[in-house]
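*Asks:* For reference, the chains in residue letters:
Number of protein chains: 2
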Amino acid sequence: MINKKEIFAGIIVIGNEILSGRTKDANTSTLSTWLNSLGIKVQEVRTIPDIEKNIVNTVNELRKKYKYIFTTGGIGPTHDDITALSISKAFNLTYGPHKEAMAILEKYYKPREFNKGRQKMAWMPKKANLILNPTSGAPGFIVENVFCLPGVPSILKSMLGGITHKLVGGDPILSHTINLRTVESEIAKSLSNVQDKNKDVDIGSYPFFRAGRLGVAIVLRGSKQGKIDKCNSEIIKFVKEKNIEIVEKD
Amino acid sequence: MINKKEIFAGIIVIGNEILSGRTKDANTSTLSTWLNSLGIKVQEVRTIPDIEKNIVNTVNELRKKYKYIFTTGGIGPTHDDITALSISKAFNLTYGPHKEAMAILEKYYKPREFNKGRQKMAWMPKKANLILNPTSGAPGFIVENVFCLPGVPSILKSMLGGITHKLVGGDPILSHTINLRTVESEIAKSLSNVQDKNKDVDIGSYPFFRAGRLGVAIVLRGSKQGKIDKCNSEIIKFVKEKNIEIVEKD
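Protein sequence lines, in the order shown, are assigned to chains A and B.
Its first residue numbered 601, the first sequence is counted upward by one per residue in this note's numbering.
Its first residue numbered 601, the second sequence is counted upward by one per residue in this note's numbering.
Any given hint might turn out to be false.
Copies of the same chain look alike in the list, so a pair counts if it works inside one copy or between any two.
[Unchecked claim] List time: in silico DMTMM-like cross-link candidates among lysine to aspartate or glutamate, alpha-carbon distance up to 25 Å:
#1 K665 <-> E652
#2 K699 <-> E786
#3 K789 <-> E713
#4 K665 <-> E644
#5 K726 <-> E661
#6 K716 <-> E834
#7 K667 <-> E652
Keep in mind the hints are simulated off the structure, nothing from the lab.
The model shown is predicted, which means the values in this text are computed figures rather than measured ones.
Take the sequences, apply the hints, and build the full model.
*Replies:* Set out below in structure tokens:
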């Protein structure tokens with residue numbers, strides 16, 4: 601166990617475009633890195649299609665399992681954007697035009713531009729709290745512990761600053777990476793010994809292959825800098841004994 | 601519904617490095633694209649940590665839900681590679697050195713190189729069928745409908761050719777993309793009308809923002825070329841009426 605006071609989150613990626621392979625999900629990495637800095641650990645990610653029943657069931661299962669849930673995607677103006685409707689159903693809340701969201705969009709668009717498609721972006725659970733969108737107007741929303749964000753990575757990123765203060769995290773999760781010019785099997789036993797002696801640090805081993813050369817990134821993660829430092833020293837010790845080169849970047 | 605004879609698969613991404621945000625998952629896109637070409641649709645992806653209980657439970661839940669399950673990651677030589685052990689437990693099978701896998705690795709490595717770490721890569725459910733690895737020796741394996749692959753994208757890719765003949769798909773999933781210089785709300789209503797009239801085609805709408813310009817990619821997916829063509833004509837019709845520019849690439 602890394603951390604005595606661990607706070608867990610789940611991410612639900614909603615979108616056929618990810619499941620079809622057309623688009624690579626970039627939001628998990630953004631959300632996880634940001635949540636780690638707040639002391640919140642992402643424990644599970646589910647990628648599901650734009651199907652109401654799947655969204656409702658996944659939200660209802662995960663919101664009981666983790667302190668915070670983040671959904672990405674499906675809050676735009678087109679027919680395949682069904683996240684807001686599905687969240688309303690998951691929570692048994694009325695789905696309709698949200699007064700505050702409507703006011704924001706009315707201000708954002710010129711009157712002749714504010715067509716039905718754009719108005720749809722203000723339809724959501726009526727009692728939701730808004731997540732402001734400094735990039736493109738249309739807000740995300742929060743119902744209880746579920747935070748609904750858009751799928752476009754640059755827009756999602758710009759909205760995180762507005763919700764940081766709403767999250768209560770545990771101890772920040774610290775990490776340290778050591779990149780080695782070796783292969784995993786050369787260090788597996790030594791690394792396992794270090795892990796056995798340092799239960800408070802989570803040691804990951806990730807092979808890489810770049811510019812024609814093999815290497816392994818050792819990632820130490822934990823909540824106490826002192827424990828990570830101790831672990832790091834023990835790894836550096838066996839690395840030197842084995843004459844393995846430490847490289848700057850993986 | 602896209603397809604009368606739909607075959608579904610699930611993907612389980614095993615790895616703390618994805619959940620921590622350190623590494624972006626690239627394998628989902630590779631697997632989905634390849635499976636689509638075989639007429640198999642990925643219906644769900646779960647990303648879970650390197651924790652035995654989570655792997656066992658997720659595998660046991662999903663293998664009953666979908667025709668094929670693919671796991672990525674956790675089959676290397678280090679202490680955090682626990683996929684093979686967890687799969688053995690999920691299926692109640694003996695975990696130990698796999699004769700055929702051991703023979704492959706013995707041939708791959710020089711005798712003095714074949715250390716405990718490398719031998720561990722031959723430990724798996726004893727009755728598993730192997731997935732050959734043309735890149736780096738260590739095989740993946742199959743138990744019933746669960747296909748276990750490594751996490752390193754280039755190695756995973758090189759192993760897919762060896763299992764294509766083991767999968768029975770439905771009708772291939774065809775797709776066609778139309779890239780428009782517009783915003784979603786301008787076309788939402790017309791697109792929704794086309795979707796309502798063409799239930800056999802799945803129409804997705806994905807905004808993009810590149811080189812300072814906004815656009816929308818409309819993706820048509822289905823199993824019948826004729827139905828996709830009809831849908832495409834109806835979209836081109838309203839696009840021309842609205843004087844929207846069609847662009848080459850999104």
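*Asks:* Against each hint, give a clear statement of whether it holds in the structure.
*Replies:* Against the structure, the hints:
1. Taking CA atoms no more than 25 Å apart as the test, K665 paired with E652 passes in both settings, with 20 Å inside one copy and 18 Å between copies.
2. Within a single copy, K699 and E786 get their C-alpha atoms only as close as 62 Å, which misses the 25 Å cut-off; across copies the closest is 23 Å, which meets it.
3. Taking CA atoms no more than 25 Å apart as the test, K789 paired with E713 passes between copies only; the shortest distance there is 14 Å, against 64 Å inside one copy.
4. Proximity of K665 and E644 under a CA criterion of 25 Å is satisfied in both settings, with 10 Å inside one chain copy and 18 Å between copies.
5. Only within a single protomer do K726 and E661 lie at most 25 Å apart by alpha-carbon distance; the minimum there is 22 Å, versus 35 Å between protomers.
6. Proximity of K716 and E834 under a CA criterion of 25 Å is satisfied inter-copy only: 21 Å between copies versus 63 Å inside one chain copy.
7. Taking the shortest alpha-carbon separations for K667 and E652, both the intra-copy value of 23 Å and the inter-copy value of 22 Å come in at or below 25 Å.
Hint compliance for this structure: no hint is broken.
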